[in-house]
Amino acid sequence: GNSVTQMEGPVTLSEEAFLTINCTYTATGYPSLFWYVQYPGEGLQLLLKATKADDKGSNKGFEATYRKETTSFHLEKGSVQVSDSAVYFCATSGGSNYKLTFGKGTLLTVNP
Amino acid sequence: DAGITQSPRHKVTETGTPVTLRCHQTENHRYMYWYRQDPGHGLRLIHYSYGVKDTDKGEVSDGYSVSRSKTEDFLLTLESATSSQTSVYFCALGEGLDTGELFFGEGSRLTVL
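Those protein sequence lines, which keep their order, are chains A and B.
So for the first sequence, our numbering puts the first residue at 1; every next one is plus one.
So for the second sequence, our numbering puts the first residue at 1001; every next one is plus one.
These are calculated hints, taken from the structure and not from any lab test.
Treat the hints with care, since some could be wrong.
[Said to hold, decoys possible] Lysine to aspartate or glutamate pairs mimicking DMTMM-like chemistry, simulated, CA-CA at most 20 Å apart: (1) A:Lys-104 with A:Glu-42; (2) A:Lys-104 with B:Asp-1038; (3) B:Lys-1057 with B:Glu-1079; (4) A:Lys-104 with B:Glu-1101; (5) A:Lys-104 with B:Glu-1106; (6) A:Lys-99 with B:Glu-1079; (7) B:Lys-1011 with A:Glu-42.
Fair warning: this is a prediction, and the values are worked out from it, not measured in the lab.
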C-alpha cells in the first residue's frame, strides 16, 4: 500500500525564517498528495494539495510541488509566523490504494 | 465548518469496559472515517464507511467495531477497552476515498486505566 515518510520533528524556527518540511512517498499508480495542518487542540484541516506530477499546491504562503521523479512533496514557506506553529502532516491517496495515508507529523514551533 | 460533532470529547474508563464514540454530521457526506492519533504514529485509519450499513476495515481495526445505521451517524465501539487503546480519536468526512480532502472533527480523547 501507499506510505509516507516525513522529516522528524520538532522543528523550531524564529519568526520570518524559511521553512522546509520534507516528505517522500511510496505508491503505485498516480497518487494525489496533501499537506494537512493541526493547530493545538483542534482536528486536522487541509492546507494544500496536488493531484498530478509537477502540480504546485499553495495556500497561506505555503507551497509544495509534486515531484514524481524524486517521489517528494516538500512543504515550504518563505517567512514563517508565530501563528504557523502547529503539527503538519503529509498524506497520500489515490493510485492503487484508495485510502488516505498520513505521515507521522512534524511539530513546528515558531518563536517571536 | 463541515458540520461534524464528536462525543464525548473526553472520557476516562477502566480496562475491560465497553466504550462507544459517536460521530455526527449535518452535511450529508457519503464517507465517514475513524482515525486514531498517537505520538510517533501520526494518524492511522481504524474503520471507514462508504454508506449506510457499508463499512470496511482500516490498518488498525483489531479491537474496534463500527456501525452506521443512518447517514449522519458513525459509531466506533471498543467492546472491551485496553490500555493500548488510550488515544485521541478523530472522525472525518469526505466525498470519496480518492479525493483526499477530508474534514475532521475536533477529536475525542480516551484514557483507559
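(request) Could you work out which earlier hints the structure fails to respect and list their numbers in ascending sequence? (result) Number 6 - this is the single hint that the structure violates.
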